[in-house]
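These are the residues of each chain, in order.
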Amino acid sequence: MTTGYHPLVKRLLDGELSLAELPPELQVEGEEALRLVGAVDRAPVTLPAALEARVMETVRRHAASPARRAWRWLATPRELELRVRVRPWSLWAGALAAAAALALLVSRAPEPSTPQARIVPRDRVYVRFVLFAPGARRVTVAGTFNEWDQNAAPLVSAGSKGVWTTTLAVPLGQHQYAFVVDGRRWVIDPAQPAVDDGFGGGRRNSMVAVTAQGARTL
Amino acid sequence: MGLRDEATDGEIVRAVLAGDRERYAVLVRRYRDRYARYAARMLGSRDAAEDAVQDAFVRAFDHLADCREPDNFAGWLFLILRNRCFAEQRRRTREGRPLEAHDEAFAGPERPDGTVEQAERMRALERALGDLTPEQREVFVLKHVEGLPYEEISRLTGATVASLKMRMHRAYDRLRELLKEHV
Chain C
1 MTTGYHPLVK
11 RLLDGELSLA
21 ELPPELQVEG
31 EEALRLVGAV
41 DRAPVTLPAA
51 LEARVMETVR
61 RHAASPARRA
71 WRWLATPREL
81 ELRVRVRPWS
91 LWAGALAAAA
101 ALALLVSRAP
111 EPSTPQARIV
121 PRDRVYVRFV
131 LFAPGARRVT
141 VAGTFNEWDQ
151 NAAPLVSAGS
161 KGVWTTTLAV
171 PLGQHQYAFV
181 VDGRRWVIDP
191 AQPAVDDGFG
201 GGRRNSMVAV
211 TAQGARTL
Chain H
219 MGLRDEATDG
229 EIVRAVLAGD
239 RERYAVLVRR
249 YRDRYARYAA
259 RMLGSRDAAE
269 DAVQDAFVRA
279 FDHLADCREP
289 DNFAGWLFLI
299 LRNRCFAEQR
309 RRTREGRPLE
319 AHDEAFAGPE
329 RPDGTVEQAE
339 RMRALERALG
349 DLTPEQREVF
359 VLKHVEGLPY
369 EEISRLTGAT
379 VASLKMRMHR
389 AYDRLRELLK
399 EHV
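Residue numbers (my numbering), protein chains in the order written: chain C, 1 to 218; chain H, 219 to 401.
Here chain C stands alone, though its shape is the one from the complex (with noise of 0.2 Å):
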């Protein structure tokens, strides 16, 4: 039976040291070891040109999918624009209805957990999203809900020593999400349940579902 590389032969398989720095005792082992790592097939690999037309056959076919195309658009978040016709007595209602949330918001403060939400006209909830990060000099949040774009949604240092807060208008559904830490660093919310982002890497997004009654964990 064959007994396993002694360490100090992996450490040359691994290009950390040479055959010279071997003890003597183990130059066979190590030559024998590069021998067989020497033997792998590094020759190139070209596919041919044929697979770019495949590809882009595949991907007409599926862009022109009604049921693909019916589900990229429920799934791409989208802004609507709300045209709202107001007589001048309702102003006043709407004054005193605006008067009697705020009461209530400021009456009830909400608990820093994240994110929260509270709930604008049908298809929009706003959320809340806070993040814990002293040092960070900038803080953003992308998720399905502003296409992962980095930019769109900065978050502001909310006086706290090193917390980060922004409310967005997110639109109802399941959102995937993660902040964005000086603009390199991803960072799941550590408030809420997270996910593989399903493309391997060990990368996570975390998770939150926005319904009609507020934003609420997974």
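Quick look at which bits of chain C chain H covers, simulated, 3 or more residues with Cβ under 8 Å: (1) 10-22; (2) 34-48; (3) 52-58; (4) 135-148.
Rather than coming from a laboratory, the hints here were simulated on the basis of the structure. The C-beta atom is built at its ideal place from N, Cα and C for all residues, glycine as well.
Mind docking chain H on chain C? Use the hints.
Positioned in the frame of chain C, the structure of chain H alone reads:
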């Protein structure tokens, strides 16, 4: 062609998302061969690699809106291809099928760069790689075929350098056992 091909990956991804889907062909041309060798060594044949790369490009297009770093499209595409290769290997294991026999693309005796003995050793190594676990095979391929340092492999795969080294060292031991008659 021309100026359009010089656009960055991020610019092309954003253009495709905005509706100019034909520009996706630029990305296909740009990265068609970059990871072909990786896929071929992971799956054991050029044909399987071609299928995997094609599927990866289509899947990347279907999920392009989820690419959160368009300027790193290549790294994202690699992760999709990697998932595809691992899924294919899991499928073969489930079905009781080994990796495909290596094809003429690898280590053929007619290769001008070595002796018959070297070619035979290459073929033996290719066969032995098929007996490693997918994780061991991947780290071997990325380090010794693609020539990447552990730090770069860690960045690509998300595994720590320590766990990559552990996989690799187990792979060395397994290869030694499998190839004892060839070295």
